[in-house]
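Peer 1: Here is what each chain is made of, one letter per residue.
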Amino acid sequence: MLSFILRRLGLSVVLLFLISFISFFIITLTPGSPYPWGEMNPKISPEVKAAFRKKFHLDLPLHQQYAMMLHDLFTGELRSMKDDLPVMNKISTRLPATLSLNIMAILFSLSFGTLLGLYGALYRGNWKDMILSFLSFLFIALPGFWISYLLVLTLVKHVGIPILGTHSYGIEFPNHLALWLDRLWHLMLPAIVLSLAGIATQSRYLRSSMIETLQENYILTARAKGLAPTVVLYQHALRNSLRPLITGIGMLLPILISGSVIIETIFAYPGMGQLGYQAVLERDYPILVTLNFIVATMVLLGNLLSDLLYAWVDPRVRLE
Amino acid sequence: MSSFSGLQPSSSNIQPDYQQRVGSHPFCKNKIALLALSVILFLTLVAAATLLLSWLGLPWPMNPNATDLSQKLLPPSPLHWLGTDHLGRDVFSRMLHGAPISLTVGFTAVIVSLSIGVVIGSIAGFCGGKVDQFLMRLVDAFLCFPTFFLILTVVALLGPSLMNIVLVIGLVSWTGTARLVRGEFLTLRETPYVQAAFTLGQNSSTIIFRHILPNAAAVILITAVLGIPEVILAEAGLSFLGFGVQPPQATWGNIIADGKAYLLEAWWLILFPGFAIFVTALSFYLVGDSLREAGEK
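Residue numbers (our numbering), protein chains in the order written: chain R, 1020 to 1339; chain B, 7 to 303.
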């Protein structure tokens, strides 16, 4: 077990190295300059330009730039090219918002996905199953920005519910509970929109896994010995079908974080996605590289966690 | 139900149940999938007709780029079926002219990603060993990236154009295909007929192209169909963020992007183009999934 974790961590380090390499070169090799004042601005003297290039190591050859970037990344000295603030500070102020949004979305995906998949498998071939299947494709095919706008349009304009930002502004909350409830309320809608695709994929996976399990002999045995249908369903079948749900956690993260670029922009939710979009607009290379790196780390940790959970849930799996 | 066909009364004993067999293919039984397929065919026809008409100099129903500020932000009416945008352009015409773009991006980007994925997957699955290890680690690394964010970054840095969008989406989204094709190769390599081909001393290219790839074709086709809606949605998302195909060329995504400033007064700028994206993506997903299911039966 321990050797498995160590080996996986070792592999993750290699992968992270590869990822930092890919993202650094993709971002640096694309044409265009990162100058905050624009390439051709005549008001900027050559000395200022040279100082900027020196400061961000743009005067070095590429492989040295990459080495400096890695060094700065790990020592936390990487600075934004726009406002010269440390990248880590900028990201860490955004991290809680994105994390809470994504954790909420994962919870929604897993719970509703399980529910939809479970009933789909139960009513397999039935019209109920067809409706559920159709619903899951509907969820995948919905463009996130479109459904968010429709929600904003109907809820804000016609119902008058404030849903933008992380919390209500200009209101004194009587206590912490009210404050947290307000934050949770603001989290709901973006999290639901973000989780739609996740709900769909999870329900498809669970449905096929559940259908497989329901054909196993031990289910027949359990039914034959007269156990209540709900016991057979939840204790025998569902438990053994949870495998895809667990592997799904690791795979969900990159999808969710991609989605949060758009969702955070629409719902004015100050998370990492919004920061990334701004960095793209401003060509802020250090932030882009760091964001990719952080997301990749989260994904790798998620994968490791899901493998461990997998072995814990399914004793047939041996981690070696 | 071909298994019961022998028991069913048939009008002619000599004629094989050819018609029955065509109609009874699992795909054809799925009414929703057939409906989705006809939606796709209809869209393709509309897109082709729009292209042809505008090429002939008869943009139908109106010129998608003709502006008329006296007619701006009009709600849907008999004259402007889906209303007009902030420059007085006819939204219905713009949507028709956006259809070829969405479909082109969908098809071509999938061709790019499929080619890369099939080549890399084949190499990994056929060679095995160190090569396989390295290529699969590369796939793992790509799977850790938030794909859409990576696409957005590169397209934004390169400058958005139809060509760049197609290439970048294709270059980023080949990993799934590569994994799948590798898996198929690993399975098919062990089948008796491929082993026989090895024993007979056939060269690698014959084995790959004549014995293995044709048998993996179904799986590849299904991934392709399921890949198209993902590309269409990604392109729409890019357009929405301002990095899709650039105005004045109309696309479904940039009608919404232009319309988002008028969200509260002109709902038709958001509703209709988004619905078109949604229905197109949904149709491809449904067709792809029922193909997959038909293959499993």
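Treat the hints with caution; some may be incorrect.
Stated by the list, open to error - Pairs of lysine-lysine residues, derived as DSS-like cross-links and limited to a Cα-Cα distance of at most 27 Å, are as follows: (1) B:LYS78 with R:LYS1176; (2) B:LYS37 with R:LYS1147; (3) R:LYS1176 with B:LYS266.
What the hints contain is simulated information worked out from the structure, not anything from laboratory work.
These figures come from a predicted structure and were not determined experimentally.
Peer 1: Compare the structure with each hint and give your call.
Peer 2: Hint-by-hint comparison with the structure:
At roughly 22 Å between alpha-carbon atoms, LYS78 (chain B) and LYS1176 (chain R) fall within 27 Å of each other, so this suggested pair holds. A threshold of 27 Å between alpha carbons decides the hint, and for LYS37 (chain B) with LYS1147 (chain R) the separation of about 15 Å falls inside it, so the pair holds. For a cut-off of 27 Å, the pair hint linking LYS1176 (chain R) to LYS266 (chain B) stands: about 14 Å separates their Cα positions.
The structure shown violates none of the earlier numbered hints.
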